[in-house]
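Can you make the complete structure from the sequences, with help from the hints?
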Amino acid sequence: MVIALKSSKGQIGMMESIMVIFVIFIIIGLGMYFFFKTSISQTKKVGEESCVLSTGEQLSSILNLPEIKCSTQAHDNDCVDIAKVISYKNEPSIKNLNRGLCKKSITFIQSYPTPKVNDTECTEELMRSAEYPDNCDKWTLFEPGKEDIKGKKNVQILETPVSLYFPSINSYRMGKLRLKLYLK
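Count along the sequence shown from 1, then add 318; that gives the number in my numbering.
Because the hints were derived from the structure by calculation, they are not lab data.
By construction, the Cβ of each residue, glycine as well, lies at the ideal position given by its N, Cα and C atoms.
A hint or two may mislead.
So the derived label-pair ranges between C-beta atoms look like this [said to hold, decoys possible]:
(1) 332 <-> 353: 30 to 36 Å
(2) 473 <-> 343: 43 to 49 Å
(3) 429 <-> 394: 20 to 26 Å
(4) 471 <-> 343: 37 to 43 Å
(5) 472 <-> 339: 42 to 48 Å
(6) 394 <-> 473: 30 to 36 Å
(7) 394 <-> 374: 17 to 23 Å
Below are the PhoX-like pairs computed for lysine-lysine, each with C-alpha atoms no more than 25 Å apart in a straight line [what the hints assert, rightly or not]:
(8) 471 <-> 363
(9) 421 <-> 470
(10) 456 <-> 407
(11) 498 <-> 470
(12) 468 <-> 355
(13) 464 <-> 498
(14) 363 <-> 464
(15) 498 <-> 456
(16) 468 <-> 362
(17) 502 <-> 464
Take a look at the structure:
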């Protein structure tokens, strides 16, 4: 009988040790879960902050794209050629401007002289009209898809003034480049 008690005391000791180790592993697992959860949220936050900071740089880089920049006799001018914008927005390489976490739309808007219409997208058909450029006032270079901006509630808008060149009438007008950032 004494032998049976000794072995059951040993079994109870082993069970206690296993339960303590089990509880320790549960505590370590919960700690790892909360650590990685906060780490991922901090990474997303830092990613959005770097997105906003890099967008300021992207404002100037968009204006220096040779695909849309004004040029005469191989000399670049500080303006945006609207005819080039309309032709460039159908290029597949434009999607490279919208990579990563940062989803944004890129739009040129005529400010002065004020066009006869407001918030009308300029298309190739409107460009061929006799009333052009007074029949539209907006040229969208890139717009993200609905699935890309779904669930993004915050919108931040960055703008900079630009000179818009209309080669069909050989005229310059004032406008602005608008980058609209879609953030969570």
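Structure-based check of all given hints:
Look at residue 332 against residue 353: about 31 Å separates their beta carbons, and that is inside 30 to 36 Å. The beta-carbon spacing between residue 473 and residue 343, approximately 45 Å, falls within the hinted interval of 43 to 49 Å. For the pair residue 429 and residue 394, the beta carbons lie near 22 Å from each other, so the given range of 20 to 26 Å is met. Roughly 39 Å separates the CB atoms of residue 471 and residue 343, a value that falls within the hinted 37 to 43 Å.
Taking 42 to 48 Å as the suggested C-beta distance range, the pair residue 472 and residue 339 conforms, at roughly 46 Å. Residue 394 and residue 473 have their C-beta atoms about 32 Å apart, which keeps the hinted 30 to 36 Å range intact. Evaluation of the 17 to 23 Å hint for residue 394 and residue 374 yields a pass: the beta carbon distance comes to about 22 Å. With a CA separation close to 15 Å, the supplied pair residue 471 and residue 363 stays within the 25 Å bound.
Straight-line distance between C-alpha atoms of residue 421 and residue 470 comes to about 9 Å, which keeps the hinted pair within the 25 Å bound. For the hint pairing residue 456 with residue 407, the CA-to-CA distance comes to about 13 Å; that is within 25 Å, so the pair holds. A hinted pair counts as satisfied when its Cα atoms are at most 25 Å apart, and residue 498 with residue 470 qualifies at roughly 12 Å. Restraint check for residue 468 and residue 355: satisfied, since their Cα atoms lie roughly 23 Å apart, inside the 25 Å limit.
With a C-alpha separation of about 14 Å, the suggested pair residue 464 and residue 498 falls inside the 25 Å cut-off, and the hint holds. As the CA atoms of residue 363 and residue 464 are separated by approximately 22 Å, the hinted pair is consistent with the 25 Å bound. For the suggested pair residue 498 and residue 456, the alpha carbons sit about 14 Å apart, so the restraint of at most 25 Å is met. A C-alpha spacing of about 17 Å is found between residue 468 and residue 362, which places the hinted pair at or below 25 Å, so the restraint holds.
Between residue 502 and residue 464, the direct Cα distance comes to roughly 14 Å. Compliance with the 25 Å bound is thereby established for this hinted pair.
Hint compliance for this structure: every hint is met.
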